[in-house]
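Each protein sequence line maps, in turn, to chains A and B. According to our numbering, the first sequence holds residues 96 to 238 in order. According to our numbering, the second sequence holds residues 511 to 825 in order.
Derived by calculation from the structure, the hints in this document are not laboratory data. Hints may be right or wrong, so weigh each one.
Using 25 Å as the maximum straight-line C-alpha spacing, the simulated DMTMM-like pairs for lysine to aspartate or glutamate come out as follows [unchecked claim]:
1. Lys-229(A) to Glu-549(B)
2. Lys-111(A) to Asp-554(B)
3. Lys-628(B) to Asp-554(B)
4. Lys-532(B) to Asp-133(A)
5. Lys-203(A) to Glu-622(B)
6. Lys-628(B) to Asp-133(A)
7. Lys-229(A) to Glu-622(B)
8. Lys-229(A) to Asp-664(B)
9. Lys-646(B) to Glu-601(B)
10. Lys-107(A) to Asp-133(A)
11. Lys-587(B) to Asp-140(A)
12. Lys-181(A) to Glu-622(B)
13. Lys-229(A) to Glu-629(B)
14. Lys-181(A) to Glu-805(B)
15. Lys-646(B) to Asp-222(A)
16. Lys-628(B) to Glu-174(A)
17. Lys-203(A) to Glu-620(B)
18. Lys-532(B) to Asp-597(B)
19. Lys-229(A) to Glu-640(B)
20. Lys-669(B) to Asp-222(A)
21. Lys-532(B) to Asp-667(B)
22. Lys-111(A) to Glu-620(B)
23. Lys-714(B) to Asp-667(B)
24. Lys-111(A) to Glu-622(B)
25. Lys-669(B) to Glu-122(A)
26. Lys-229(A) to Asp-554(B)
27. Lys-587(B) to Glu-122(A)
28. Lys-181(A) to Glu-779(B)
29. Lys-587(B) to Glu-607(B)
Not close to chain B: a few residues of chain A, all C-beta gaps over 10 Å, as computed [unchecked claim]:
30. Thr-195
31. Ala-209
32. Val-217
Residues of chain B clear of chain A, computed beta-carbon distances all greater than 12 Å [what the hints assert, rightly or not]:
33. Gly-552
34. Pro-556
35. Pro-682
36. Asp-702
37. Asp-743
38. Thr-757
39. Pro-762
40. Ala-770
Even glycine gets a Cβ: it sits at the ideal position worked out from N, Cα and C.
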Amino acid sequence: MSAQGISFDQVKVGDKLPELAIPVTVELVVASAIATRDFFPGHHDLQAAQQLGSKHIFMNILTTNGLVERYVGAWAGAEALIASVKIRLGAPNYPGDCMTMQGEVSEKDAAAQALTVSLRGVNSMGDHVSGTVKLLFAQGALA
Amino acid sequence: MSELQSNWLDEAKALIGHEYGKVYAWDAVNQPMIRQWCEALGVDNPLYLDGETAQQRFGAHVAPPTMLQAWVLAGIKGLYPPGSATDNPYEVLQLIERHGYASVVAVNSEQEYFRYLKEGDRLSFTSMIESVSEEKTTGLGTGFFVTQLLSFYDQHDAKVGQMRFRLFKFRPASAKPAAEKPSRPMPGISDDNRFFWDGLKARKLLIQRCTACGTLRNPPGPACPACHSLLSDSIEASGRGRIYSYTVVHYPTLPGVPAANPVGLIELEEGVRLVAGLVGVAADAVRIGSEVSLEFLECANELTLPVFRPLGGAA
Chain A
96 MSAQGISFDQ VKVGDKLPEL AIPVTVELVV ASAIATRDFF PGHHDLQAAQ
146 QLGSKHIFMN ILTTNGLVER YVGAWAGAEA LIASVKIRLG APNYPGDCMT
196 MQGEVSEKDA AAQALTVSLR GVNSMGDHVS GTVKLLFAQG ALA
Chain B
511 MSELQSNWLD EAKALIGHEY GKVYAWDAVN QPMIRQWCEA LGVDNPLYLD
561 GETAQQRFGA HVAPPTMLQA WVLAGIKGLY PPGSATDNPY EVLQLIERHG
611 YASVVAVNSE QEYFRYLKEG DRLSFTSMIE SVSEEKTTGL GTGFFVTQLL
661 SFYDQHDAKV GQMRFRLFKF RPASAKPAAE KPSRPMPGIS DDNRFFWDGL
711 KARKLLIQRC TACGTLRNPP GPACPACHSL LSDSIEASGR GRIYSYTVVH
761 YPTLPGVPAA NPVGLIELEE GVRLVAGLVG VAADAVRIGS EVSLEFLECA
811 NELTLPVFRP LGGAA
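Use the sequences and the hints to build the structure in full.
As structure tokens, this is what we get:
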């Protein structure tokens, strides 16, 4: 990530975040499911996933949340704190696909030193995720 | 909505607002699990990794906010730590499922964080059903949106975050009411009669026709009984006929077939006869001469059989 991140004062509503392509691999799906302590078989066991009617193991929601944090956090920098992640879930993320993250600044509250980023993660089937992340830049926030 | 549905739906809605929990986290917030989470997800924010950035800002290591729920999940064995409540926060989903809505998909997740979690924090959570929608039909199927609110607390019972989670509990659009296909013995299928069985799969009752003299015959065979020609094709039966004769089979019994099983010798209006099951009629009500119409019985093993239903009134 950029060591500096963005400058809150210079950010404008409508600013676009750089796109980020995240290849969806078996390693990512399994390692992240375990790292988020989600041991549901559909996230690591191919046969179990197929019995559920899925073509492959599929990414768990807590990983999607984390990748949203990764995408916005890498743009905003370590000074930005996260107040909320509100997402809508869509097409599953299967290994072999690629999720491209896109986002833009949709709200800016200078007094509260708060930004809202609207984003989506698109794979070959459509939106895997869409939603908003609220960022706080104020010293002492969320402590 | 039927009266029957409104009864159990009222039961489901009565669970709205009931609080379940508390359930405790197995592990205190800790740096090794944070580091492994960052490694797996590809997060390289120095706030979580270098120690100094978080120390300056929070006076301790801090956890990524989106790890919130990971701290309190049950884990591999599906068990919560001792002291956790054992009430069942999923009873509303199970109630809906029992009424035919077996599938589930997560729709929304809304996490809000009231403070960053620090190394050593011990979390617990409670959950509550916030709403159950009326029955809705979406592209996926028909069912109910259920919204659950999870509240997360620290070791001082201060609320540190919350998560609103919306699910759609539904019956898939493609799912037919689960009628098991009946099992029937497989017929002997050869090159001489394959067209007949293939025709049934396509929901056609085919009658073999001699291409030399035009005589129809059933059951299918290699040679025409009238002119001995080996050449034949087939025509599709209209499906109308009458009961020429019948019997009631009591033994042997077949799974899924009535113990008194009426079987007809049906004379089709084209003039040939065939043996087939009779449906929609009790064994003691079958009458010779009754008009019947053809139906197809789809069986397991991709077998389709012709059956005949007596038409009302004819005797």
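Would you list, in rising numerical order, the hints stated earlier that this structure does not obey?
The structure breaks hints 10, 14, 20, 23, 25, 28, 33, 34, 35; every other hint is satisfied.
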